[in-house]
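K.L.:
The primary structure of each chain is shown beneath.
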Amino acid sequence: MYVAVKGGEAAIANAHQLLADRRRGDRSLPAISIEQIVAQLGLAVDRVMAEASLYDRELAALAVRQARGDMIEAIFILRAYRTTLPRFGMSVPVDTAKMKIERRVSATYKDLPGGQLLGPTFDYTHRLLDPSLLTDGPVAEPTRRTADESAMMRVSDILAGEGLIEGDGKMPEDHVPGDLTREPLEFPLNRDLRLQALARGDEGFLLALAYSTQRGYARTHPFVGEVRIGEVEVDLDIPELGFAVSLGPIQVTECQMVNQFQGSAKNPPQFTRGYGLVFGQSERKAMAMSLVDRALRAQEFGEDVVAPAQDEEFVISHSDNVQATGFVEHLKLPHYVDFQAELDLVRRMRAEYDAKSGAGEDGAGKDNGVREAAE
Amino acid sequence: MTDLATYNFAYLDEQTKRMIRRAILKAISIPGYQVPFASREMPMPYGWGTGGVQVTAAILGPDDVLKVIDQGADDTTNAVSIRAFFQKVANVAVTTKTREATIIQTRHRIPEETLTAGQTLVYQVPIPEPLRFLEPRETETRKMHALEEYGLMHVKLYEDIARNGHIATTYAYPVKVEGRYVMDPSPTPKFDNPKMHMSEALQLFGAGREKRIYAVPPYTEVVSLDFEDHPFEIQHFDKPCALCGAEQVYLDEVILDDKGGRMFVCSDTDHCEDRRAHGHAGHLLAQQEAAE
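Chain order of the listed sequences is A and B. For the first sequence, the numbering used here assigns the number 14 to the initial residue and increments by one for each residue that follows. For the second sequence, the numbering used here assigns the number 1138 to the initial residue and increments by one for each residue that follows.
Derived by calculation from the structure, the hints in this document are not laboratory data. A hint or two may mislead.
[Unchecked claim] Here are the in silico distance ranges between beta carbons for each label pair:
1) B:Asp-1200 - A:Gly-182: 48 to 54 Å
2) A:Ala-120 - B:Ile-1167: 49 to 55 Å
3) B:Glu-1151 - A:His-188: 45 to 51 Å
4) B:Asp-1394 - A:Leu-142: 50 to 56 Å
5) B:Leu-1162 - A:Ala-120: 51 to 57 Å
[To be verified] No more than 20 Å apart at the CA atoms, straight line, and that leaves these computed lysine to aspartate or glutamate pairs for EDC-like:
6) A:Lys-369 - B:Asp-1201
7) B:Lys-1376 - A:Asp-357
8) A:Lys-113 - A:Asp-161
9) B:Lys-1293 - B:Glu-1277
10) B:Lys-1154 - A:Asp-192
11) B:Lys-1234 - B:Asp-1200
12) B:Lys-1280 - A:Glu-326
None of the values given here were measured: they were computed from a predicted structure. Positions of the beta carbon are idealized from the N, C-alpha and C atoms, including for glycine.
Sequences are here, hints too, so could you generate the full structure?
P.N.:
Here it is as structure tokens:
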């Protein structure tokens, strides 16, 4: 005899207990510390901060640990915390020309003021598993250059000097930047909101879209004007004081993509820009973002919208991995009420079909459970 | 390490609640119209009822009595989880009895017992846009609503009939509210659609991921779309509930063994328990009692 499934509460509690056990793993091993995650899994922490839109390494590391290393779960945990925080002001725009550079490369100039700085990159490593990392061997101190306090000119400024690249774009004087975490999105978006959405968009999704533009689905003839990674100062405007005060430095990755543009009736032939800016060190994300940003500006330049990467509503509606994972995974929640409704319809249609084709002589129209199960 | 926040009554901060209440008021003023709202990230995933949870959090007061159901049942895991959430963050009284509740949050069902004045039914909505599967673009569907351009929906229903002889929509069956907006009743089976019509209770719909709130105020016309020669009809079950013998209720099919054995029981667990408590027994329950 069937007894209605009870005990959801106990089941949930047990599941949580088991999850905590699996998270901790083998108790004979020391637990991984937040400091260790911040220090040694820094790029995971960076991704969580970027896609959660919250710059806090310790909380991001806590989320990574709590999520057992599941990045989207960690992003979700951190975002759910972020959303409870009050919004008490707005920073003045960060000046990336004043960045304390750790890495900066340009693909468009062999050499340029400030030079090319490789920084801590995987780019020229050979991807051979390194047996020395199986143990905790000594690691040599890196060679450091003397700090250069002067501002480092951006490649876009070099091109702008000749008028060969479009300007930074102007917003009306009284334009207040949108906040997609506080206002529902309404398409079409302004570029500020679009960039915001891309900045917290899923790295993998943006990477695939960016890749598609390179393979011919909305080609934009991109060159990496430059990628720079380093620390910038965040200043907050305090209306009571009448000036901005520094909140401290954050690490960001910025990518300026330079794209060809033939010109139109309104605009002269010149280079156009795609822009990417991401918390922490995430070149892949910043570059993908800048390619997608440029592709999404198709209408602005009178280009035909023919590919997914150019379709703002498609890209922005699906770039948020917390939303995406929620809706995809919710399919595992019970749906038996709706399924029952579909079952009923299919059975009815099936009976009609069988009656018509003469296949169901005995009782095709009857609700005969045993027979249907055998079919 | 940063001190983590302590949370406000019913989790959301008062500013957010105010924003949601405004959206709710607008939704009530324009029955069936989808009001965009600044949906927050909730501590449960999108798709788990974040829209409904936000609506409930915004209207919940300390004196309310909350009931949460999923698939009609109070004991499905997600219903348990949401109920526990509000017990934790709002310390509010909860019940499984439909008639005792002031607020009922639901996923996929409307309780069998007729709701009364003063009660609020909060629906969890995955896709608020009834036209979404005909037109994926929000920019287009908003225009269609504005122009009351619902021909596409009728064509879809007509094509169903031409192809299958039936309207093949069995849940999330579109309705027209107060003669103006076509609305998605959320994925409730069409069996429940008639309960929405002229209901004494306030019906609120929250879609968190899609950032929309809409409403059907009490005593509002809610008409399921149909044709004169193919009138709307609800599902009918051949058998009564195996446990409480109820007829004219929505039933879940439960597979009993691997030989095709199955039974049909009330999807609304409270309704079923209530009936059994009042001495009603379906054939399986009667058999079991006879055996004991």
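K.L.:
Sort out whether Asp-1201 of chain B lies within 20 Å of Lys-369 of chain A, counting only the CA atoms.
P.N.:
violated (55 Å)
K.L.:
Hey, Lys-1154 of chain B versus Asp-192 of chain A, does the alpha-carbon distance stay inside 20 Å?
P.N.:
Cα-Cα ~18 Å, so holds.
K.L.:
Given the hint of 50 to 56 Å, check if Asp-1394 of chain B and Leu-142 of chain A actually sit that far apart at their C-beta atoms.
P.N.:
holds (52 Å)
K.L.:
So if I understand the rule, the pair passes when the alpha-carbon distance is 20 Å or less; does Lys-113 of chain A with Asp-161 of chain A pass?
P.N.:
At roughly 8 Å apart (the allowed maximum being 20 Å), Asp-161 of chain A and Lys-113 of chain A satisfy the hint.
K.L.:
Regarding Asp-1200 of chain B and Gly-182 of chain A, is the given constraint of 48 to 54 Å on their beta-carbon distance met?
P.N.:
About 53 Å separates the Cβ atoms of Asp-1200 of chain B and Gly-182 of chain A, which means 48 to 54 Å holds.
K.L.:
Could you tell me whether the CB distance from Leu-1162 of chain B to Ala-120 of chain A stays inside 51 to 57 Å?
P.N.:
Given a distance of about 54 Å, which is inside 51 to 57 Å, the answer is holds.
K.L.:
Is it true that the CA of Lys-1280 of chain B sits at most 20 Å from the CA of Glu-326 of chain A?
P.N.:
Roughly 15 Å separates the two Cα atoms, so the pair holds.
K.L.:
Checking one constraint from the list: CA of Lys-1293 of chain B to CA of Glu-1277 of chain B, max 20 Å. Satisfied?
P.N.:
holds (17 Å)
K.L.:
Would you check the hint for Lys-1376 of chain B and Asp-357 of chain A, treating anything up to 20 Å between C-alpha atoms as holding?
P.N.:
holds (13 Å)
K.L.:
Can the restraint linking Lys-1234 of chain B and Asp-1200 of chain B be considered satisfied, given a maximum Cα separation of 20 Å?
P.N.:
holds (16 Å)
K.L.:
Between the beta carbons of Glu-1151 of chain B and His-188 of chain A, is the distance compatible with 45 to 51 Å?
P.N.:
violated (29 Å)
K.L.:
Given a hinted range of 49 to 55 Å, is it respected by the beta-carbon distance of Ala-120 of chain A and Ile-1167 of chain B?
P.N.:
holds (53 Å)
Consistency with the previously given hints fails for numbers 3, 6, ordered from lowest to highest.
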